[in-house]
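Chemist: Next come the chains, spelled out residue by residue.
Protein chains: 2
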Amino acid sequence: MPASKRHPETSLTPRRAATRDRLIDAAHEVFAERGFHGASVEDLCERAGFTRGAFYSNFSSKDDLVLEISQRYSERLLAGVAQVAARDDLTPAEVVQAVLTAWTSDRRERRLWWLLQTEFTLHAVRDSAAGRSWAKQQAGVRTSLARLVEETAARRGLTLPVSADDFARAAMALAAAGTGQHLLEPRSQPDGALAARVLRVLLGAQAG
Amino acid sequence: MPASKRHPETSLTPRRAATRDRLIDAAHEVFAERGFHGASVEDLCERAGFTRGAFYSNFSSKDDLVLEISQRYSERLLAGVAQVAARDDLTPAEVVQAVLTAWTSDRRERRLWWLLQTEFTLHAVRDSAAGRSWAKQQAGVRTSLARLVEETAARRGLTLPVSADDFARAAMALAAAGTGQHLLEPRSQPDGALAARVLRVLLGAQAG
Chain A
1 MPASKRHPET
11 SLTPRRAATR
21 DRLIDAAHEV
31 FAERGFHGAS
41 VEDLCERAGF
51 TRGAFYSNFS
61 SKDDLVLEIS
71 QRYSERLLAG
81 VAQVAARDDL
91 TPAEVVQAVL
101 TAWTSDRRER
111 RLWWLLQTEF
121 TLHAVRDSAA
131 GRSWAKQQAG
141 VRTSLARLVE
151 ETAARRGLTL
161 PVSADDFARA
171 AMALAAAGTG
181 QHLLEPRSQP
191 DGALAARVLR
201 VLLGAQAG
Chain B
1 MPASKRHPET
11 SLTPRRAATR
21 DRLIDAAHEV
31 FAERGFHGAS
41 VEDLCERAGF
51 TRGAFYSNFS
61 SKDDLVLEIS
71 QRYSERLLAG
81 VAQVAARDDL
91 TPAEVVQAVL
101 TAWTSDRRER
111 RLWWLLQTEF
121 TLHAVRDSAA
131 GRSWAKQQAG
141 VRTSLARLVE
151 ETAARRGLTL
161 PVSADDFARA
171 AMALAAAGTG
181 QHLLEPRSQP
191 DGALAARVLR
201 VLLGAQAG
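Residue numbers (the UniProt record's numbering), protein chains in the order written: chain A, 1 to 208; chain B, 1 to 208.
Hints are supplied without guarantee of correctness; some may be wrong.
Heads up, incomplete: computed chain B residues facing chain A, CB under 7 Å, no partners named [as the list claims (entries may be wrong)]:
id : residue
1  : 157
2  : 159
3  : 160
In the SDA-like style, the derived pairs of lysine to any residue whose C-alpha atoms are separated by at most 20 Å in a straight line are [unchecked claim]:
id : chain 1 : residue 1 : chain 2 : residue 2
4  : A       : 136       : A       : 64
5  : A       : 136       : B       : 190
6  : B       : 136       : B       : 64
7  : B       : 136       : A       : 186
8  : A       : 136       : A       : 186
9  : B       : 136       : B       : 116
10 : B       : 136       : A       : 116
11 : A       : 136       : A       : 97
12 : B       : 136       : B       : 186
13 : A       : 136       : A       : 119
14 : B       : 136       : B       : 188
15 : B       : 136       : B       : 78
16 : B       : 136       : A       : 70
17 : A       : 136       : A       : 123
18 : A       : 136       : A       : 105
19 : B       : 136       : B       : 153
20 : A       : 136       : B       : 147
21 : B       : 136       : B       : 164
22 : B       : 136       : A       : 73
23 : A       : 136       : A       : 78
24 : B       : 136       : B       : 165
25 : A       : 136       : A       : 77
26 : B       : 136       : B       : 184
27 : B       : 136       : A       : 64
28 : A       : 136       : A       : 185
29 : B       : 136       : B       : 158
30 : A       : 136       : A       : 172
31 : A       : 136       : B       : 184
32 : A       : 136       : A       : 70
33 : A       : 136       : B       : 188
34 : A       : 136       : A       : 54
35 : A       : 136       : B       : 136
36 : B       : 136       : A       : 67
37 : B       : 136       : B       : 185
38 : A       : 136       : B       : 187
39 : A       : 136       : A       : 67
40 : B       : 136       : B       : 190
These are calculated hints, taken from the structure and not from any lab test. Since this is a predicted model, take the numbers as computed values, not measurements. Glycine included, every Cβ here is placed at the ideal spot set by N, Cα and C.
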């Protein structure tokens, strides 16, 4: 959801929104080069051409910026899932395949996303404030995904052999682990392949 | 497998084996405190009470030490799986549950293991030499686990809806992700619960 909806009390001016976007673009580049721990707020400001003041008037911390990046990425992903799930010309297994193919199509982005998500999860397990924010955000994504799974299954008359929440948890786990395995063994494991094969089974026998 | 079997050309003296064990124990402690990246070879030597010379006559690098820790952990885990899988008084679903319960029983160890494995995977994705070693080692564990799954399924007349390799990949992914989710949300997600629920489905309809 756009930042303006997340902070209704401070509805963003176009200029402020552009500053946030530029800081987020710069962060993508700097995280790709140095990783989450290796990149300081100063590095991000320098790349974006802003002062620390501009940074802190938009984000309370580097963690806050990562949460915003993650929120945007997840919303884009969920919108893509909703679009594909609505296509009644596809079987459920084809829906899963189409989602994974779209998700993994930009290899550079997938790699960056996997690195950032993995680093931030490590940070969140060690830092309790980051842990609470990350758990809350991940739960939000999972709930949205589970709702989509539930609605799609109901519309198609499917009964899944696991709960929609477990389906969402398993999808997120398998997609992330599959990307990790793909990055280690690019030739033997196409990105998304493991998740597609396993999720097909979790759709149940009727999935086609 | 014991270190002496891995290096038949340099069969270890008891004293040498004791040095390796002490370095590994010290590494567990130091990694728990400072993480993989935060712990230097000097830190490990200091904790174990050895010189750098003693370290390098046993391990070629910090990476090599982590690979040995991982190998020992995996072998212990696989031995546990083999033992439980041989119990014909358990249904396949009960075998999976028993393996996961045993695996997640030592919370401190699981946390340390999850942190070290996650940090080393990040390192391996960025460093091609570490990447090759890690991919090879993970593939070895996966192959052993897949073989156990295949043998157990055959003995019990089960036909799994995914290949034994995919079952092993999914088990490793779900167990790791489940531990990560548990560390972030200790109350809502018991460690091992997600993997147990999903793997039961991957055992097929006949699993009981």
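Chemist: Hint by hint, note whether the structure agrees.
Modeler: Right, here's what the structure says about each hint:
Proximity of residue 157(B) to chain A is violated relative to the hint, the smallest CB-CB distance being about 19 Å (cut-off 7 Å). With a cut of 7 Å, the hint placing residue 159(B) at the interface with chain A is violated, because the nearest CB-to-CB distance is about 12 Å. Interface hint status for residue 160(B): violated, as the beta-carbon distance to the closest one in chain A is roughly 9 Å, over 7 Å. This hinted pair checks out: residue 136(A) and residue 64(A) have alpha carbons roughly 13 Å apart, not beyond 20 Å.
Our distance criterion of 20 Å between C-alpha atoms is met by residue 136(A) and residue 190(B), whose separation comes to about 17 Å. Restraint check: the Cα-Cα separation between residue 136(B) and residue 64(B) comes to about 13 Å, which is no more than 20 Å; the hinted pair holds. Note on residue 136(B) and residue 186(A): the hinted pairing holds, with a Cα-Cα distance of about 13 Å set against a maximum of 20 Å. Using a Cα cut-off of 20 Å, the hinted pair residue 136(A) and residue 186(A) is violated, with the two alpha carbons roughly 32 Å apart.
Distance check on the hinted pair: residue 136(B) and residue 116(B) sit about 17 Å apart at the alpha-carbon level, within 20 Å; holds. This hinted pair does not check out: residue 136(B) and residue 116(A) have alpha carbons roughly 24 Å apart, beyond 20 Å. For the suggested pair residue 136(A) and residue 97(A), the alpha carbons sit about 28 Å apart, so the restraint of at most 20 Å is broken. The straight-line distance between the Cα atoms of residue 136(B) and residue 186(B) is roughly 32 Å, outside the 20 Å bound, and the hint therefore fails.
With a CA separation close to 17 Å, the supplied pair residue 136(A) and residue 119(A) stays within the 20 Å bound. A hinted pair counts as satisfied when its Cα atoms are at most 20 Å apart, and residue 136(B) with residue 188(B) does not qualify at roughly 35 Å. With a CA separation close to 17 Å, the supplied pair residue 136(B) and residue 78(B) stays within the 20 Å bound. Pair hint residue 136(B) plus residue 70(A) does not hold up; C-alpha atoms about 31 Å apart against a cutoff of 20 Å.
For the proposed pair residue 136(A) and residue 123(A), the alpha carbon gap of about 15 Å is at most 20 Å, so the pair holds. At most 20 Å may separate the alpha-carbon atoms for a hinted pair to count; residue 136(A) and residue 105(A) exceed this at roughly 28 Å. Note on residue 136(B) and residue 153(B): the hinted pairing is violated, with a Cα-Cα distance of about 25 Å set against a maximum of 20 Å. Proposed proximity of residue 136(A) and residue 147(B) is contradicted: the alpha carbons are some 39 Å apart, above 20 Å.
Between residue 136(B) and residue 164(B), the direct Cα distance comes to roughly 18 Å. Compliance with the 20 Å bound is thereby established for this hinted pair. For a cut-off of 20 Å, the pair hint linking residue 136(B) to residue 73(A) is broken: about 32 Å separates their Cα positions. For a cut-off of 20 Å, the pair hint linking residue 136(A) to residue 78(A) stands: about 17 Å separates their Cα positions. The straight-line distance between the Cα atoms of residue 136(B) and residue 165(B) is roughly 15 Å, inside the 20 Å bound, and the hint therefore holds.
Distance restraint check for residue 136(A) and residue 77(A): the Cα-Cα separation of roughly 18 Å lies within the 20 Å cut-off, and the hinted pair is therefore satisfied. Pair hint residue 136(B) plus residue 184(B) does not hold up; C-alpha atoms about 30 Å apart against a cutoff of 20 Å. Between residue 136(B) and residue 64(A), the direct Cα distance comes to roughly 37 Å. Violation of the 20 Å bound is thereby established for this hinted pair. Only pairs whose Cα atoms come within 20 Å are accepted, and residue 136(A) paired with residue 185(A) is rejected, the gap being roughly 32 Å.
Straight-line distance between C-alpha atoms of residue 136(B) and residue 158(B) comes to about 29 Å, which puts the hinted pair past the 20 Å bound. Restraint check for residue 136(A) and residue 172(A): the C-alpha separation of about 15 Å stays at or below 20 Å, so the hint holds. For the given pair, residue 136(A) sits about 9 Å from residue 184(B) by alpha-carbon distance, which is consistent with the 20 Å threshold. Between residue 136(A) and residue 70(A) the CA atoms are separated by roughly 12 Å; this keeps the pair inside 20 Å, and the hint holds.
This hinted pair checks out: residue 136(A) and residue 188(B) have alpha carbons roughly 12 Å apart, not beyond 20 Å. Only pairs whose Cα atoms come within 20 Å are accepted, and residue 136(A) paired with residue 54(A) is rejected, the gap being roughly 27 Å. In summary, the hint linking residue 136(A) to residue 136(B) is not supported, as the alpha carbons are separated by about 36 Å, beyond the 20 Å threshold. Distance hint between residue 136(B) and residue 67(A) is unfulfilled; the C-alpha atoms sit about 34 Å from each other, more than 20 Å.
For the proposed pair residue 136(B) and residue 185(B), the alpha carbon gap of about 32 Å is over 20 Å, so the pair is violated. Among the hinted pairs, residue 136(A) with residue 187(B) is consistent with the structure: their alpha-carbon atoms are about 13 Å apart, no more than 20 Å. Distance hint between residue 136(A) and residue 67(A) is fulfilled; the C-alpha atoms sit about 10 Å from each other, no more than 20 Å. With a C-alpha separation of about 31 Å, the suggested pairing of residue 136(B) with residue 190(B) is violated against the 20 Å cut-off.
Comparing the model with each earlier hint shows violations of hints 1, 2, 3, 8, 10, 11, 12, 14, 16, 18, 19, 20, 22, 26, 27, 28, 29, 34, 35, 36, 37 and 40; every other hint is respected.
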